[in-house]
Amino acid sequence: MRAVFPVLTVVTVLVSLWYLMLIPMNSHQAALEAERAGVVVSPETARDRRDLSGWAVALRNPGPVLGGVWAQERPRLPAPHQVAIELWETTVEKKITSKRSLVFHGWITLSATLLGFAIGTVMGIVLAVGIVYNRAMDLSVMPWAIASQTIPILAIAPMVIVVLNSVGLQGLVPKSIISAYLSFFPVVVGMVTGLRSPDGSQMDLMRTYSAGGGQVFWKLRLPASLPYLFASLKIGIAASLVGAIVGELPTGAVRGLGARMLAGSYYGQTVQIWSALFAAAICAAVLVGIVGLIQRATLRRMGLA
Amino acid sequence: MALVALALVIWAGAWWLNVRLSARKDGWVRTVVPAIFGVTILVVWELVVRGLEVPLVILPAPTLIAERFAGSIPILWADFVQTFLKGALSGFVMGVAAALATAVLVDRSDFLRRGLLPVGNFIAALPIIGTAPILVMWFGFDWQSKAAVVVVMIFFPMLVNTVAGLREASAMQRDLMATYGASYWQALWKLRIPAAMPFVFNGLKISTTLALIGAIVAEFFGSPTVGMGFRISTSVGQLALDMVWAEIVVAALAGSAFYGIMAGLERIVTFWHPAQRR
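Chain order of the listed sequences is V and A. 221 is the number that this note's numbering gives to position 221 of the first sequence; each next residue is one higher, with no gaps. To convert a position in the second sequence, counted from 1, into this note's numbering, add 305.
Source of the hints: derived by calculation from the structure; they are not laboratory data. Watch out, some of these pointers could steer you wrong.
[What the hints assert, rightly or not] From chain A, some residues computed to sit far from chain V (all C-beta separations above 12 angstroms):
| no. | residue |
| --- | --- |
| 1 | 308 |
| 2 | 310 |
| 3 | 377 |
| 4 | 469 |
| 5 | 475 |
| 6 | 476 |
| 7 | 477 |
| 8 | 480 |
| 9 | 488 |
| 10 | 495 |
| 11 | 500 |
| 12 | 530 |
[To be verified] Computed Cβ-Cβ distance ranges for the label pairs, DEER-style:
| no. | chain 1 | residue 1 | chain 2 | residue 2 | range |
| --- | --- | --- | --- | --- | --- |
| 13 | V | 14 | A | 308 | 52 to 62 angstroms |
| 14 | A | 478 | V | 123 | 39 to 49 angstroms |
| 15 | A | 539 | V | 59 | 40 to 50 angstroms |
For each residue, glycine too, the CB sits at the ideal point set by N, CA and C.
Can you build the whole structure from these sequences, using the hints too?
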C-alpha cells in the first residue's frame, strides 16, 4: 500500500507530460486546420511554417494551436482521452463479432498466445527434465539453448508464417508456433535451474529415506523447481504475446492486434494504432498478472511465499 | 531414401558418441559434445532435405544457405551496417545512457523510486515492440526510427536493473563511506556505481537481444531498401528462403557477438563479484 501514492503520482506526471507533448507534436496540423478555416496564422502558409519547430508554431499562434491539438482526426500524437474513447468504442460499444471490435481482434491474438504458451511450456518442461536426467543431453543441448537466447529469434517469424502457409497451415497454428518458440527457451533455462536447485543435503535426506528416482522427482525436484518455473512463465507469457503480435504482421494485416497496428500504420490511423497498442498492453498486463496470482497462491500453499 | 537412412545412422552414431563422451569428466568434453551435436544437426538437416527433396521454399539445405551467404556478402554487410551499426547500436548507446542518467536521478528520491519502479517493471513486461509503427511514423523510414524503437525497448529494463543495483551497497559499506567524510558524488562514484555493476550488466545483456529484435522488427513497418528486417520481409515475399536464412545467420552472429562482448566486459568490470571468480 506504501507504493500507491508514489505510483499514482508518477502515472499522473506521465499523463501530464503526454498532454504537454501534444502541443509541439500536433501544432503544425492545428495551424494548418486553422488556416483552412480562415483564421490568420503566422507565418501564413504551411511552407513557411515547415522549418519552424512545433513549439515555435505554438508560441506564435497560441489561440488556434491550443484549440486544435487535442481532438484531431489523424493526429501525430493522439491525446490520452482520444485513445480511451477509441478503446471504449471498439470494445464495449461494438458487437464482439464485428471486424472493428478490438475484443474480436484481441481474442484472435490471445488465443494464439495461449495455445503457443501452453505448447512452449509443456515442451520446455519435458526438455528440462531430459536435460537434468541425461548428461549427454545436458552437454549437447544446454549450451545451444542458452546461446539461442542471445539471437533475435523473432526475426524468423515472417518466414515461419509464410512457410507454414505454403504447406497449408494458416491462422492460429503458425502464430502459436512462434509464440511457443519464444516461451520455450525461458522455460527450459528456468526449469533446469529449478530442478537442480535442491542441494546435496536434501538429496542425501531423500536417499536416507531410500526414495526411488520417481519419488525424488515428484516430492523434491519438482516442488523445488516451482519458484523458478513461475519466474520463467512470467517472461514466457509476455514473450508469447509479442510473438503472436509479430506473427500477424506478414500475413497482410487481416486479423488480430498486430494486424490492427499494421493497418493503422498503412492508413495513418494513429488513434487506431495507439488503441491496439494499449489493448496489447492490457492483455500483457492481465496475462502476467494471472500468472502472478497463480504463482502467489501456489507458493503460499507450499509455504514458500 | 538412402540419404534419409544415412541421416538416421549418423544421428544414432553421433548420439552414441556423445553419450560415451559425456560419461567422461574431462574439461574438453564440455566444448566437444555441443560442437558434435551442432554439426550433427547440420548434417542431418542437409541429408534429410536432399533425401526427401524438400522444396527450397520450405527449407533450404545448409549448403545452399552457406552458398548464398558467401555469394551475397556485400548485400549482407550493407544490411548489417544499416540495421545493427546504425539502428541497433546507436539506439543501444542512447537508451543505456538515458536509463543510467535517469536511474541516478531517481535514486536520489525515495518517493520517485517507489513510484517509478512498479511502473517501470510494468512497462518492461509490455509488448513495447508495438510502438514501432508509431515511431516509424514520427522519425521516418531510415535508421533514426529504428534507434528510437531500440531506445524505448531497452530503457525500462535498464532503468529497473540499475535502480535495483544502486541499492545494492550495504548499510555497513555506506557507513564506512560516511566515516571517511565522502560526499554524495564520491560515495556514488567509488562505492555505489561499482556495486551496481552486476545489475547494470544484467540489464545490458538483456538489452543486446532486445536492441536487435527492435531494430529488425521496426523495419517490418517501413524501411529504406536496405536492412536486415527489410531483406527478411521482402525475401520471404519472393520465397527466396536461402536469403532469409542467410540474414538469420547474420542476426545470430551479430546477436551472439554483441552478447559475448557484454559478457566479456562484465568479466573485466565485475572481476570482484563471486559469480565471476574462478
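Status of each hint after checking the structure:
1. 308: Residue 308 (chain A) clear of chain V: closest Cβ-Cβ about 21 angstroms, beyond 12 angstroms.
2. 310: holds (22 angstroms)
3. 377: The claim holds: residue 377 (chain A) sits with its nearest Cβ about 17 angstroms from chain V, beyond 12 angstroms.
4. 469: holds (15 angstroms)
5. 475: Since the minimum Cβ distance to chain V is about 22 angstroms, residue 475 (chain A) lies beyond 12 angstroms and the statement holds.
6. 476: Non-interface label stands for residue 476 (chain A): nearest chain V Cβ at 20 angstroms, farther than 12 angstroms.
7. 477: The assertion about residue 477 (chain A) holds, with a minimum of 25 angstroms to chain V.
8. 480: holds (25 angstroms)
9. 488: holds (27 angstroms)
10. 495: holds (29 angstroms)
11. 500: Label holds. Min Cβ-Cβ 24 angstroms, cutoff 12 angstroms.
12. 530: holds (17 angstroms)
13. V:14 with A:308: 52 to 62 angstroms: holds (60 angstroms)
14. A:478 with V:123: 39 to 49 angstroms: holds (45 angstroms)
15. A:539 with V:59: 40 to 50 angstroms: At roughly 44 angstroms between Cβ atoms, residue 59 (chain V) and residue 539 (chain A) fall inside 40 to 50 angstroms, so the hint holds.
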